[in-house]
Amino acid sequence: MIVGISLLLWAGWHNLRERRIAMQTAAANQVMLTPAAPQSASGQDSDSEEQNPGAKLRGKTAPAFTLSSLDGKKVSLADYKGRPVLVNFWATWCAPCKIEMPWFEELRKQYAGQGFEILGLTADADAGKDAIAKTAQKIGVTYPILLANEKVQDAYGGIDYLPMSFYVDRNGKVVETTGGLSSKDEIEANIKKTIASGATTAAVKGGE
Amino acid sequence: MVLGALMICAGTLAAQPARQMGDLTRASVRATSYVTYDAEPQVIEAGKRSVLALRFQIANGYHVNSHTPKSELLIPTKITLQPAAGVKAEAAEYPAGTEFSFSFSPKDKLNVYARDFTVRLPIVAAAGTHEMDGTLRYQACDHAACYPPKSLPVRVLFTAK
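These protein sequence lines are chains A and B, in that order. Start counting the first sequence at 1; every next residue gets the next number (our numbering). Start counting the second sequence at 1; every next residue gets the next number (our numbering).
The set of hints was computed from the structure by calculation and includes no laboratory data. Idealized CB from N, CA, C, for every residue including glycine. Worth double-checking, as some hints may not be accurate.
Derived EDC-like pairs: lysine to aspartate or glutamate, alpha-carbon spacing no greater than 20 Å straight-line [claimed, not checked]:
(1) B:Lys161 with B:Glu40
(2) A:Lys173 with A:Asp154
(3) B:Lys150 with A:Glu150
(4) A:Lys129 with B:Glu72
(5) A:Lys151 with A:Asp79
(6) B:Lys150 with A:Asp160
(7) B:Lys70 with B:Glu40
(8) B:Lys150 with A:Asp185
(9) B:Lys107 with A:Asp185
(10) A:Lys184 with A:Glu117
With the Cβ distance kept under 8 Å, some of the chain A side facing chain B (calculated, not the full set) [what the hints assert, rightly or not]:
(11) Ser76
(12) Tyr80
(13) Thr92
(14) Cys94
(15) Ala95
(16) Ile99
(17) Ala131
(18) Tyr161
(19) Leu162
(20) Gly179
(21) Gly180
(22) Leu181
(23) Ser183
If you anchor each label on the Cβ, the simulated ranges turn out as follows [said to hold, decoys possible]:
(24) B:Val51 with A:Gly72: 47 to 53 Å
(25) B:Glu40 with A:Leu16: 49 to 55 Å
(26) A:Ala112 with B:Ala39: 51 to 57 Å
(27) B:Gly61 with A:Gly115: 50 to 56 Å
(28) B:Pro41 with A:Leu16: 56 to 62 Å
(29) A:Ser68 with B:Lys48: 52 to 58 Å
(30) B:Ser151 with A:Asn149: 20 to 26 Å
(31) A:Ala131 with B:Gly61: 28 to 34 Å
(32) A:Gly72 with B:Pro41: 52 to 58 Å
(33) B:Gln42 with A:Gly140: 47 to 53 Å
(34) B:Ala114 with A:Ala131: 45 to 51 Å
(35) A:Ser68 with B:Glu40: 47 to 53 Å
Okay, chain B solo, but in the shape it has when bound:
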């Protein structure tokens, strides 16, 4: 009898319809920032060349041009940071992009960041806590439309010990 009950239970559970897929026709137009910055403070060694990892997340369904898009006209992702006291920064190093094409034009290949991406910033810093302010300039598209270029404020926090 218990066996029978168990089998009935198993049968009921198995018979539930699968969840329907969500609406994938257009990523939300109202996403206020297509890219966000992970502001987690970092700790590095003082007086020694270290690399800060600037982590960015891209909202689901969007992509941004990489630092090296395939056309001059496309707006590249670029970070600009103001100099900070006690910090000597080298040029930022950008990750390689991935290939992307719009479905209606598979031959036109673009170079984009489609998921989270990390910009590396080599620095040498004096001991102490530091704050570097700047902006990430980027231009996002989804699978069928492009959004105007935006500037994301970035505040890099780290301690050199």
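In isolation and in its complexed conformation, chain A is listed as follows:
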């Protein structure tokens, strides 16, 4: 009987040891999911239409628009045909928008030699030109600021949240869209992608 009990105890202990080892292996193999940084690799989280309503414009022709700029001129997307353009929707009340705009200004200067331009479409035209101009000045942007209307917002998928960016290549095709604030590095990568897209080999050879 003693032998029997000893056998049981040994079996139990052995079993527990096996379980512990199995647990350790399982734990080692386990992948811990941590929240990704907002908009990680190439807007992959913006792929579903629900996440980024603008995503459905990828690969399509960027919708045309003619809007008023802050200095009262009429500006059309068509004015920039043949140039890579970043169409960015923002608002004076949107803090993340104002975080990325100085990066846009820097990158615009950096890539201006390749014809790159940025158009800042403000979704809060009702804030008044003065407030918008003051904000743009304070942030230090010198690229064109246009007053968006409902029509252009609808055309670009209905701007449910801000910021929303549409990267348009020289041929007027939307090569990338992002919703929400992303990193400066990601923005630069998208700009390079846009510049390279639709370019002839001759233009690409020009390099940076």
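Please build the complex by placing chain B on the supplied structure of chain A, with the hints as guidance.
Chain B alone, transformed into the frame defined by chain A:
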């Protein structure tokens, strides 16, 4: 033998893999109202200065600007209530916000309500049941994007005895 069986059971239970964390990359874009109002009726003393507690809940993953955001351009949370017969209301009292910054710009500090918040409304009311209608204006963001300002209808129900 029972002991052995028990140990095996314990071992099996312990060996189950932990649950995976849910997807935290973006709060649902489809949340129709980022802020909701707790419409539970309140009871106060008639004819005496009392304070109504207007309780609001913020959807998980979002925050709204407080009543005093750090910039003039940011849209503050503000409640507007229509006057009601037999009720004399003072100015609403808003809670202090908490500090928040977007991860890509830790130096830019914002003043927000990030969880449930209560706006206090001091009133003096005549006896009876009362209904005060109004709106809470707010503007919500998540960790990377901001949503257009919204107006939440608010109906404050209370009885003064």
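Now the hints, each set against the structure:
1. For the hint linking Lys161 (chain B) to Glu40 (chain B), the alpha-carbon distance of about 17 Å falls within 20 Å, and the restraint holds.
2. With a CA separation close to 18 Å, the supplied pair Lys173 (chain A) and Asp154 (chain A) stays within the 20 Å bound.
3. Taking the CA atoms of Lys150 (chain B) and Glu150 (chain A), the gap is about 17 Å. The hint holds against a cut of 20 Å.
4. Our distance criterion of 20 Å between C-alpha atoms is met by Lys129 (chain A) and Glu72 (chain B), whose separation comes to about 15 Å.
5. The straight-line distance between the Cα atoms of Lys151 (chain A) and Asp79 (chain A) is roughly 19 Å, inside the 20 Å bound, and the hint therefore holds.
6. Between Lys150 (chain B) and Asp160 (chain A) the CA atoms are separated by roughly 12 Å; this keeps the pair inside 20 Å, and the hint holds.
7. Restraint check: the Cα-Cα separation between Lys70 (chain B) and Glu40 (chain B) comes to about 32 Å, which exceeds 20 Å; the hinted pair is violated.
8. Distance hint between Lys150 (chain B) and Asp185 (chain A) is unfulfilled; the C-alpha atoms sit about 33 Å from each other, more than 20 Å.
9. Taking the CA atoms of Lys107 (chain B) and Asp185 (chain A), the gap is about 19 Å. The hint holds against a cut of 20 Å.
10. Note on Lys184 (chain A) and Glu117 (chain A): the hinted pairing holds, with a Cα-Cα distance of about 16 Å set against a maximum of 20 Å.
11. For Ser76 (chain A), the interface hint is violated, the least distance from its beta-carbon to any beta-carbon of chain B being 25 Å, above 8 Å.
12. About 26 Å separates the beta-carbon of Tyr80 (chain A) from the nearest beta-carbon of chain B, more than 8 Å, and the hint is not met.
13. About 5 Å separates the beta-carbon of Thr92 (chain A) from the nearest beta-carbon of chain B, less than 8 Å, and the hint is met.
14. The interface hint given for Cys94 (chain A) is met, as the beta carbon of that residue sits about 4 Å from the closest beta carbon of chain B, less than 8 Å.
15. For Ala95 (chain A), the shortest C-beta to C-beta distance to chain B is roughly 6 Å, which falls under 8 Å, so the interface hint holds.
16. Contact between Ile99 (chain A) and chain B, as hinted, is supported at the beta carbon level, the nearest pair being about 4 Å apart and thus within 8 Å.
17. Because the closest C-beta pair between Ala131 (chain A) and chain B is about 7 Å apart, less than 8 Å, the hint holds.
18. The closest approach between the C-beta of Tyr161 (chain A) and any C-beta of chain B is roughly 4 Å, which is under the 8 Å cut-off, so the hint is satisfied.
19. At a threshold of 8 Å, the smallest CB-CB gap from Leu162 (chain A) to chain B is about 5 Å, leaving the interface hint in force.
20. Look at Gly179 (chain A): its Cβ gets to within about 6 Å of chain B, closer than 8 Å, so that hint holds up.
21. The interface hint given for Gly180 (chain A) is met, as the beta carbon of that residue sits about 4 Å from the closest beta carbon of chain B, less than 8 Å.
22. At a threshold of 8 Å, the smallest CB-CB gap from Leu181 (chain A) to chain B is about 4 Å, leaving the interface hint in force.
23. A distance limit of 8 Å between C-beta atoms decides the matter here; for Ser183 (chain A) the minimum to chain B is near 6 Å, and the interface restraint holds.
24. Checking the proposed 47 to 53 Å range against Val51 (chain B) and Gly72 (chain A) shows it holds: the Cβ atoms sit about 51 Å from each other.
25. In this structure the hint that Glu40 (chain B) and Leu16 (chain A) lie 49 to 55 Å apart at CB holds, the actual value being about 52 Å.
26. In this structure the supplied range 51 to 57 Å holds for Ala112 (chain A) paired with Ala39 (chain B), their Cβ-Cβ distance being about 55 Å.
27. The given range of 50 to 56 Å is broken by Gly61 (chain B) and Gly115 (chain A), whose C-beta atoms sit roughly 39 Å from each other.
28. A hinted range of 56 to 62 Å holds for the C-beta pair Pro41 (chain B) and Leu16 (chain A), which are about 57 Å apart.
29. Distance hint check for Ser68 (chain A) and Lys48 (chain B): the Cβ-Cβ separation is about 56 Å, which falls inside the suggested range of 52 to 58 Å.
30. Distance hint check: the CB atoms of Ser151 (chain B) and Asn149 (chain A) are about 21 Å apart, consistent with the given range 20 to 26 Å.
31. For the hinted restraint 28 to 34 Å between Ala131 (chain A) and Gly61 (chain B), the CB-CB distance of approximately 29 Å keeps it satisfied.
32. At roughly 54 Å, the beta carbons of Gly72 (chain A) and Pro41 (chain B) sit within the given window of 52 to 58 Å.
33. At roughly 50 Å, the beta-carbon separation of Gln42 (chain B) and Gly140 (chain A) lies within the given 47 to 53 Å, and the hint holds.
34. Remark: the range hint 45 to 51 Å for Ala114 (chain B) to Ala131 (chain A) is contradicted by a beta-carbon distance near 27 Å.
35. The hinted window of 47 to 53 Å between Ser68 (chain A) and Glu40 (chain B) holds, with their beta carbons roughly 48 Å apart.
Comparing the model with each earlier hint shows violations of hints 7, 8, 11, 12, 27 and 34; every other hint is respected.
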